[in-house]
Every structure is written in C-alpha cells, then in structure tokens.
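> Spelled out from the first residue to the last, the chains are:
Protein chains: 2
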Amino acid sequence: MATPETVGTLGEIEALKRTVSRLNQGEHAIVGSGDDAAVVATTEDRFVVSTDTMIEDHDFRLDWSNFYDLGFKAIATNVSDVAAMGATPTALVVAIAVPASTLISDLEAFADGLRAACELLAPGAAVVGGDLAASDKVFISVTAHGALNGLEPVLRSGAKVGDIVAVAGTLGRAAAGLALLASGNTDAVSAYDDFVAVQLRPEPPVASGANAASAGATSMLDVSDGLAKDAARIARASEVSIHINRRDLDGFVAMVEEPARAIDANALDWVLYGGEDHSLLATFVPGSKIPREFKPIGLVVEAVAGKYEVSLDGSPIEAKGWDSILG
Amino acid sequence: MATPETVGTLGEIEALKRTVSRLNQGEHAIVGSGDDAAVVATTEDRFVVSTDTMIEDHDFRLDWSNFYDLGFKAIATNVSDVAAMGATPTALVVAIAVPASTLISDLEAFADGLRAACELLAPGAAVVGGDLAASDKVFISVTAHGALNGLEPVLRSGAKVGDIVAVAGTLGRAAAGLALLASGNTDAVSAYDDFVAVQLRPEPPVASGANAASAGATSMLDVSDGLAKDAARIARASEVSIHINRRDLDGFVAMVEEPARAIDANALDWVLYGGEDHSLLATFVPGSKIPREFKPIGLVVEAVAGKYEVSLDGSPIEAKGWDSILG
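Protein sequences appear in the order of chains A and B.
Heads up: the first sequence at position 73 corresponds to 74 in the numbering used here, and the numbers run straight through without jumps.
Heads up: the second sequence at position 284 corresponds to 285 in the numbering used here, and the numbers run straight through without jumps.
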C-alpha cells in the first residue's frame with residue numbers, strides 16, 4: 002500500500018496547490034490565489050473586514066470536528082461577523098497551520114468545507130488567498146470581507162430607548178450540541194445529531210444582516226458568545242438597558258428541551274448563555290417593518306443610574322458567556 | 002509587589018482594550034476596532050489583500066524576538082506583500098493567540114511594534130481590527146489591505162524576454178542576522194547587531210512597490226524566501242528564464258562579508274538563498290525609467306526546452322530557500 006501523502010511530504014507549495022484547486026471561484030476576485038496578494042472588486046468606496054481565529058483544543062477538538070467541519074465553521078463564523086454589519090460577504094483569506102504529519106486528504110476536506118460554506122451561506126463569495134504553515138496544533142485564521150452595497154454599516158452602538166430587540170436564527174442549539182458532545186453520551190449524540198451539526202457546522206442567517214440594514218436596524222451583532230453577553234455588548238455600546246421577555250424565548254427553549262432532558266441540562270441556560278449559534282441580534286425602531294426572519298424578544302429601555310443592564314422579565318441577568326481567553 | 006497583570010487575569014475584552022488603545026488611527030478606517038467588523042475606505046472599486054502567519058518555534062523564537070519585534074515584523078512582512086502588487090498599504094487586521102500567562106506588558110509591547118511599523122513603513126495605514134485568543138504557543142496572523150490608486154496590479158506572471166531584472170532593498174542581510182543568532186556567538190551578535198535587527202524588524206522598501214508599478218514594472222514579488230527561489234517563481238509564472246549577473250550582486254555580497262567571516266559562513270549563499278529581507282524583485286521593459294532604488298541584477302531570457310530556470314553567469318542555480326512547511 003502506498004504511504005499516504007502528508008503536508009510534510011508534499012511541502013507548502015504543492016500542498017497549497019492541491020487545496021486551492023478545490024475552492025470555488027466567487028464573483029469578486031480580480032486576482033486570486035497564487036500571487037503576493039489578491040485583488041478584490043468592490044462596488045463602492047469602502048469595504049467591511051473582520052478576522053477571527055480557531056485554535057485546536059481551545060476552540061475545537063479534532064475528535065469532535067473533522068477537517069471538513071473546520072473549514073465550514075471557519076467560513077460560517079466569519080461571514081456572520083460581516084453580516085452583522087449589514088454587509089454581504091464577498092471574499093475571504095484563510096491562513097491554516099497544521100502539523101507536517103497532517104494528511105493531504107484532510108487538507109482537501111478542509112478546502113471542501115470552505116467551499117461548501119461559501120456556496121451555502123454566502124453565494125458569490127469565495128476564498129481568494131491564504132497561507133499554509135507548520136505548527137504543532139491546528140490553527141486557523143480567517144479574514145472576511147463584505148460589501149455594504151449602499152447601506153450604512155449597522156454598529157453595536159445605535160440602539161435607542163423604545164427600539165424593539167429581535168433575533169434572526171437560533172439560540173441555544175449550538176450550546177446543546179456542545180453539551181451533547183461533552184456529555185460522552187453517544188446515544189444522545191446520535192439521537193440529537195442535528196444539534197451537534199449546529200455546533201460543528203453553524204449556518205448563520207447571513208442574508209438577514211443586509212435585510213436588517215435595509216430595514217433601518219439601529220444596532221446589530223452576531224450572537225457568538227451567548228444572548229446575555231452579546232445583548233450586554235449592545236447595551237454598553239449604546240448606553241441603554243435591554244429588557245428581554247421570557248415568554249418570547251419560549252420558542253427557542255422548546256427547540257432545545259428534548260436534548261436538555263436527555264442529558265439533564267437546563268434548556269433556558271443554553272438559550273441565554275450558549276454561544277456559537279451565530280444568530281443576529283438587532284434593534285429596530287418601533288413601527289418599522291422588521292424583516293420577518295427576526296423574532297422580537299424584548300425592548301430597549303433607559304439605563305438606570307448609568308447601569309447598562311440586560312434583564313429577563315425585569316430581573317437583571319449576568320453577562321456571562323464565552324470568553325476566548327477565560328473560556 | 003503587585004502580581005503582574007496577564008492576559009489570563011484580565012480576560013479577552015480588557016486585554017484587547019489595553020492593546021487597541023496603543024495603536025495609531027490611520028487614515029482609512031471608517032469604523033475601527035470594537036464592532037463585529039471594521040469598515041475601510043477605498044478610493045476605487047477594488048482593493049488588495051494578503052495574509053500571512055507567524056508561529057512560535059517555526060517562524061520565530063521568543064528567546065530571540067521580543068513582543069515589540071513580533072509586532073513590527075508582523076506588519077513589515079505583510080505590507081511588503083501588498084507593496085509587491087504595486088499597492089499602497091491602507092489597513093490591517095491582526096489576530097494573535099498567546100498563552101494565558103502572557104504579561105499584559107508584552108501584549109502592549111506587541112501593539113507598540115504594530116504601531117511603529119505602520120508609522121515607519123506604511124504611513125497612513127493602521128491596524129483596524131483584530132482578535133485575541135488563548136493558545137499554548139504564540140500564533141500571529143495578519144491580513145493587510147492596500148489601494149492601487151489607479152495603477153494596475155503587478156503580477157508575477159508578466160515578465161517578458163528582454164526585460165531587466167532589478168531589486169529594491171537588501172539581499173542576505175536578514176539571513177546574516179538569523180545565522181548570527183543561530184551561531185550562539187554573542188560577540189558576533191553584538192558586533193553585527195544591525196544585521197540581527199534586519200532579521201527581527203525588517204524594513205521592506207514599501208513605497209518602491211507603487212513606484213515600480215508607476216514605472217510599468219512587468220512583474221514583481223517580495224523576496225521572502227530567497228532570491229533564487231523567488232526569482233524562480235517569476236520565471237515559472239511568466240514562462241521565462243532569468244539570468245542573474247554575478248558582478249551585479251557584488252554590492253549585496255560586500256554588505257554581508259564581514260559577518261560571514263566572523264561566523265565562517267558564505268556571503269554569496271546568504272545573498273542567493275537567504276529569505277526575509279522582504280526586498281522587491283521586479284522586471285522592467287528595457288529602456289524604461291527604472292526607479293532609482295531598484296538595482297539591475299540581470300535579464301529575462303527565453304526558456305530553453307520549456308525549462309524556466311534561474312542562472313548565475315550562465316550556470317543554473319537551484320531554487321532552494323525557505324519553505325514554511327519543510328523549513
């Protein structure tokens with residue numbers, strides 16, 4: 002039997018070539034991979050850019066995620082940040098470092114995941130450049146670009162008292178998936194594999210970002226670290242408080258009650274504090290035409306005594322959630 | 002004595018805040034750090050983008066480089082790639098992962114290095130966003146953006162038979178610095194500390210990239226992996242061969258002869274095969290007004306029998322040099 006090809010046996014150039022050939026082309030690359038830099042077309046005199054990192058044993062585990070999953074998630078989490086500005090993703094660059102012993106077939110699966118996520122979540126967008134290096138642990142860094150197409154960027158800081166708080170996408174499902182994996186309960190993992198899939202290959206509502214911007218959203222972010230923590234970020238940046246109605250979370254809670262029962266977890270905790278669904282949390286002027294994929298969950302209210310709080314039915318909730326240093 | 006603050010004691014948000022406050026503002030950020038993404042101004046309907054990674058114990062050693070050096074080099078190597086397209090750097094995003102035990106003062110020094118390199122090498126450009134994460138080893142990933150300001154991007158593939166091959170910047174100095182550090186000869190390291198400085202804090206001739214594009218350069222790249230290897234890249238992409246005149250390298254060789262003698266190394270080898278000077282290698286139409294910082298070193302000649310070769314005074318030289326996987 003032939004020895005399987007690895008990144009170390011092929012070297013940087015050949016390994017990159019094999020990977021790049023599997024990517025989609027996209028609609029915005031004037032000069033793509035293979036030169037010192039790529040050239041990306043824009044339709045206006047500005048562009049949106051965001052970067053994010055995924056590190057083995059901190060952000061993912063190779064016994065839970067395969068390389069296809071990693072490629073998919075790397076795109077998903079980054080186009081979500083672009084969408085959260087009200088922009089439409091156009092082009093990404095991807096740096097990956099892997100041990101030299103990594104199979105070329107794994108690197109190819111990573112490329113397939115990149116491509117699949119671009120095609121599914123951000124049609125027209127593509128990876129236009131990248132970097133491959135050697136390291137002991139897998140390290141992935143993605144920078145995503147987007148076009149505002151004439152819309153104004155939606156910041157975290159624009160929420161006004163009286164605005165409606167709404168969510169596009171799911172809450173708690175990715176946390177359910179993570180808890181299922183961590184439970185070691187293989188029966189529960191296979192019974193609720195669609196929750197595990199949300200954790201491994203999230204599908205953020207990317208188009209809803211531009212929809213929200215079109216509808217005049219006053220603030221927006223992507224819920225990467227949990228509703229409580231990310232709502233608190235809007236509150237702090239906008240110098241307001243946010244009131245969430247418990248009954249408006251019923252639908253989200255109901256969606257994760259079954260897996261919560263299966264592994265004896267708290268469904269509401271997942272909805273409030275679970276990150277990585279990469280849903281969009283936005284605020285809208287009352288009476289405005291809120292895009293129908295956004296579900297209202299609360300109101301922007303005045304901050305009392307300079308405290309920018311998030312409360313649930315009037316009781317303050319802690320802004321706890323994921324911190325990429327503290328975990 | 003107070004316990005020194007670390008990334009782990011402060012957490013992601015506070016540590017990032019302390020770092021970001023030390024950065025320069027630049028002239029191109031419409032929305033800077035602190036939101037889901039940044040918004041960067043462009044002057045035309047396209048932008049240049051390049052990404053590169055630096056990994057502890059693969060690309061740098063913490064006993065040789067301090068965090069200021071790492072910040073400086075991260076900017077330098079990336080703006081060099083943007084310059085190599087003929088573009089002027091405008092904005093960068095920086096992702097860094099460090100052990101939780103890393104001192105905040107080190108992270109601040111990293112930010113100071115980022116700022117110093119932007120101000121020195123790419124005036125007007127700035128870091129507009131980033132990411133901080135935890136990892137066992139230090140990982141740095143930078144994505145740099147640039148504006149062509151009406152010029153056409155200069156690719157690797159445009160060299161034509163008869164063109165003049167020329168270099169802006171130094172050759173072999175960074176390799177000399179690396180060899181001095183690796184020699185363990187502390188006397189030689191301090192005697193030739195300006196060579197060590199080129200290795201730790203390279204100063205690529207960034208403005209020469211746009212100058213070359215203005216002068217109609219037919220191909221260009223930045224010499225990151227050594228003259229032999231990078232000239233071979235132009236040869237292959239352009240389907241030509243490149244003839245280098247040994248006597249035109251005399252000046253480069255003379256510059257590194259002293260440290261070569263001090264540690265018994267070969268000065269010409271450094272000039273031919275040493276990477277990381279991040280000089281610009283370009284080709285120009287004969288008779289064109291070559292910017293004076295570009296020193297002619299050879300000619301583009303016809304490839305014989307489909308072999309795209311680099312030769313020195315007629316003898317083929319091997320395209321050896323740095324490979325980020327193979328070393």
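Source of the hints: derived by calculation from the structure; they are not laboratory data.
Heads up, a few of these hints could be off.
Chain copies aren't distinguished; within one or between two, either way the pair holds.
[Claimed, not checked] Straight line, CA to CA, 25 Å or less: simulated BS3-like cross-link-like pairs of lysine-lysine: (1) 18 <-> 138; (2) 138 <-> 308; (3) 138 <-> 296; (4) 321 <-> 18; (5) 18 <-> 308; (6) 321 <-> 296; (7) 308 <-> 290; (8) 290 <-> 161; (9) 161 <-> 296.
Since this is a predicted model, take the numbers as computed values, not measurements.
> Give a verdict on every hint.
Against the structure, the hints come out as follows:
In the homo-oligomer, the alpha carbons of residue 18 and residue 138 lie at most 25 Å apart inside one protomer (22 Å), although the nearest pairing across protomers, at 27 Å, exceeds that limit. Taking the shortest Cα distances, residue 138 and residue 308 never come within 25 Å of each other, neither inside one copy (42 Å) nor across copies (38 Å). With identical chains, the CA atoms of residue 138 and residue 296 are never at most 25 Å apart, being 40 Å at best within one copy and 42 Å at best between copies. For a Cα distance limit of 25 Å, the shortest separation of residue 321 from residue 18 across copies, 18 Å, qualifies, whereas the shortest one inside one copy, 43 Å, does not.
When the C-alpha separation of residue 18 and residue 308 is checked against a cutoff of 25 Å, the pair qualifies only between copies, where the shortest distance is 20 Å, while the shortest distance within a copy is 54 Å. With identical chains, the CA atoms of residue 321 and residue 296 are at most 25 Å apart within one copy only, with a shortest distance of 23 Å there and 59 Å across copies. For the homomeric pair residue 308 and residue 290, neither the shortest alpha-carbon distance inside one copy (30 Å) nor that between copies (64 Å) is at most 25 Å. Taking the shortest alpha-carbon separations for residue 290 and residue 161, only the intra-copy value of 16 Å comes in at or below 25 Å, while the best inter-copy value is 59 Å.
In this assembly of identical chains, the alpha carbons of residue 161 and residue 296 lie at most 25 Å apart only when taken from the same copy (18 Å versus 60 Å across copies).
Checked against the numbered hints given earlier, the structure breaks hints 2, 3, 7 and satisfies all the rest.
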